[in-house]
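Undergrad: Each chain is listed here by its residues.
2 protein chains.
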Amino acid sequence: MFRERLAQDAARIQDHFDLVLGALDDLDATRAMAYATEGGKRLRGFLVLESARLHSIGPEQAIWPATGIEALHAYSLVHDDMPCMDDDDLRRGRPTVHVKWDEGTAVLAGDALQAIAFELCTHPEVGPVAVRAELALTLAQASGARGMVLGQALDIAAETTEMPLTLDEITRLQAGKTGALIEWSACAGARMAQADRAPLRQYAQALGLAFQIADDILDVEGDAEKAGKRLQKDAEAGKATFVSLLGLEAAKTRATDLVDQACAALDGYGAKAETLKDAARFVIARDS
Amino acid sequence: MFRERLAQDAARIQDHFDLVLGALDDLDATRAMAYATEGGKRLRGFLVLESARLHSIGPEQAIWPATGIEALHAYSLVHDDMPCMDDDDLRRGRPTVHVKWDEGTAVLAGDALQAIAFELCTHPEVGPVAVRAELALTLAQASGARGMVLGQALDIAAETTEMPLTLDEITRLQAGKTGALIEWSACAGARMAQADRAPLRQYAQALGLAFQIADDILDVEGDAEKAGKRLQKDAEAGKATFVSLLGLEAAKTRATDLVDQACAALDGYGAKAETLKDAARFVIARDS
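Top to bottom, those sequences are chains A and B. Residue 253 in our numbering is what sits at position 253 of the first sequence, and the numbering runs on without skipping anything. Residue 7 in our numbering is what sits at position 7 of the second sequence, and the numbering runs on without skipping anything.
Treat the hints loosely; a few may be bogus.
Intra- or inter-copy, both count: the list cannot distinguish identical chains.
[To be verified] Cut-off 35 Å, straight-line C-alpha distance, at most; resulting in silico cross-link-like pairs (DSBU-like, lysine-lysine):
#1 K226 / K272
#2 K272 / K100
#3 K226 / K41
#4 K272 / K233
Honestly, the hints are just simulated from the structure, not real lab data.
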């Protein structure tokens, strides 16, 4: 049931990408944009669509920011995979953009995906101008030098220091690197409805941390083929992770506790919130 | 008089950058963001401030999008200068970001500068939510795969084909690469006032083309020291430019005609438009 809903939302996002990106000139950079957005779980877009549904905002409106956040996520992966960053050849089981094309195309495709993320969030069909302005402002904050990029910059800074990060430092780093976009996605529905964001924010903060701990566990225990990317990277690089700091078993317990917290935060919504609660449970059970 | 106003607006933009970027964590990427925004003519930010003034919108509101467009321009330069793009070591007379730091820092600083551009354009102090949503939407369109990035992608595609570009093709390429942001900047004031944009659009389209022709002339006739960057790049690369296609004298005549057209488009505003007309004259008279 949950996986069907996730797949249904992912297909809806793919259709919207086809519509939006299909209208562009046919060039390496635009082909790379489409390529980079294909596949993946589309968890962030799913969170936008489901948090919107929770507030009776339909997919005809929510599909715009849902596709927008996936465009933004795709840009971050394209740039992150470049040789001057994480230097990865494989993503979602396929060659990364700079391998399939070249680095210049990766820079441009990522840049244009970031721009289109803001275009999608401010599209007239999203809803009232107040919502469009707020979605763009908060997406800029979540993705920039106080959000996602801050997390990446802290990650790079950590690589060049002798001292491994503490649990507090890793938590702050991950709150930026993956947490900020997950929080934005889960709060998008409440923003679109101009409703109270507090329950979804609590949900998202617990979910984001659980997601990252699960990623660290996957990096140690996962199957590279199923994951579609290189694993054991952190251990090889001698990086501190939730697993290296807490130990594998305590990390699993912590992730489970966080999922319980995430679910509890949505109790006030009643049965309508079941799909989002399932998403939290899925996040620590996934194999990719 | 005009140069004083330009310098005054540039200083105002610098103060705003200091305020906004000074609040970020102190890391390589954030230091590189500040570095990349220093210097330069700040013509785009000036166009925002002056087109706003033309519509009685004061700098306390217009400084946000003026600084935003300069952040966006700075991101494009940082990424453009990278080895996988134009591979330039010098910008505004100083080492480029990837030379002073490294390529990873250049990618991240550029990415965060793009995000902050949207944050500045949607800041509550810009004005009504309708204006903030519209500024973000149009900036995304002007800077993405149908605007600036399209121009860059066409430029790269042209390098790999045997046939030199025609005048029509170069005009389309430049309309994206530099024209789209110049048009957005000049129209920003009318957008903020929710007024008719047609005169400023006409002004900006002529100005943008004149700007690019002047750049091509500068590339041939200019002084690299004054320009603060490498020159004669296009001729060395055997690239078609307005100068190679029209000849030097005809290019100069065309630029002068375009400046006359730009000025004529603003006649309806009376004496208030003098500064913007001076800006058009300046664009073809500058030495950097």
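Undergrad: Check the structure against each numbered hint from earlier and tell me which ones fail, lowest number first.
TA: 2 and 4
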